[in-house]
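Undergrad: Use these hints to put chain B onto chain A, whose structure you have.
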Amino acid sequence: MVPTNFYITLSAILFATGAMGVLVRRNPLIIFMSVELMLNAANLAFVAFASQHGSLDGQIFVFFVMTVAAAEVAVGLALIVQIFKSKHSINVDEVNSLKG
Amino acid sequence: MTIDQILFFILAAVAVATALGMVFSKNAVYSALFLVLNFATIAVFYLLLGAPFIAISQVTVYAGAIMVLFLFVIMLLGAESLPPGKVLRHQWIYASGLALILVGEAVYILLGRNAATGMIDRPDAFLNTVDSLREIGMALFTDYLLPFEATSILLLVAMVGAIVLTKQEKGGQK
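Listed in order, the protein sequences are those of chains A and B. Residue numbers for the first sequence follow my numbering, so the first one is 6 and each next one is one higher. Residue numbers for the second sequence follow my numbering, so the first one is 5 and each next one is one higher.
These aren't lab readings, by the way, just hints derived from the structure by calculation. Hints are not guaranteed to be accurate.
Listed next, with one range per pair, are the computed distances between beta-carbon atoms [what the hints assert, rightly or not]:
1) B:F13 x A:S60: 19 to 29 Å
2) A:E99 x B:A69: 22 to 32 Å
3) B:D128 x A:L103: 52 to 62 Å
All C-beta atoms, glycine included, are put in the ideal place defined by N, C-alpha and C.
Here chain B stands alone, though its shape is the one from the complex:
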């Protein structure tokens, strides 16, 4: 086992543990913090895969912006822990079974039928140069210019939508 694989397994253990911690925490704030840690480990995976731009975007957009928004809303609503309502009995057992079936299917299809046989080498020195970022910028603003512009419209619509949804109507209670 090489040092790369040892590193992979340590990070994978952290990623899976934090994901399970996120799902099973009673307190929603703990869930959000577990998810931040999960996003950070995935950002390290992106670095190992030779995608520094995506790794930094992951930290700023996901672990930064999105999770701060989540924490704001959790604390705004006081929704750290909901009072227990009526739930299906043994719901988590059924859900775990279904999730295990999903893993089995995914592993069978992705690894059993037509497995990816490639190996991922550790990123080379090229990624430490500005040229790797320049390549992404060139791809984003030439081949993918139309999707990029569509994204800007999508973000504008989301912004307007969020403002309209939370706007108080004058005088009346909404």
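Chain A with its partners taken away, still in its complex shape:
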């Protein structure tokens, strides 16, 4: 028997770690990974509550979150590759204009 609170606390810690990664790092690939970590933390909370209430709806929602994350990564990485081709750098501090 594990209290639901433990899972929620772990989820909060992982989410904050992801947020810190977005703030600290200047490499957009690692910023993307941090966003994935935050999505996973939210998923963990969803599944914990779904398990506590004995309901499937939380699990179904996690399934949809995973799909959206996959789509986001595909488009985001394509954008990063294009930015690298036009600027020869992917440091987010140097990507400050919309026009290539």
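TA: What follows is chain B alone, placed relative to chain A:
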């Protein structure tokens, strides 16, 4: 402390350590590998929470597909480590402070004000049967049919978008 709680704390330590390792690794490849380990531990959490379908999806979609895509792009761009640019001084101290505030707020709101008082039991034998998967399939294709179809369109759009973005224009340089 029961064996379930000991298991939880070991896995939680691994999850938090790998998350911090992901954020603070100098080399982006190490970051990606730390994140794979983090996703694997979260998949074990899903198993403990009685969600085997989600656990397997986590391993195949996240630890498999998404992280392989990340590794491809890291190695394609040679972006293992960026040259140090000008950054805010002591940026990571400010960011850590803000992250601690975020944890404090989340814990206060989620646990202080109206705490979830439930306990999560270990999954029962029902989850070892095909019926648990059948339930998810029934929910996905009856109650959630419209979101499911919307997801298929979303994936199609993402696929077309990724191809259009990386397509070389004929002759010209893009």
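Undergrad: For every hint, state whether the structure bears it out.
TA: We went through each hint and held it up to the structure:
For F13 (chain B) paired with S60 (chain A), a C-beta distance near 26 Å keeps the hint of 19 to 29 Å intact. Roughly 30 Å separates the CB atoms of E99 (chain A) and A69 (chain B), a value that falls within the hinted 22 to 32 Å. Taking the beta carbon of each, D128 (chain B) and L103 (chain A) are about 55 Å apart, inside 52 to 62 Å as hinted.
In summary, this structure violates none of the numbered hints.
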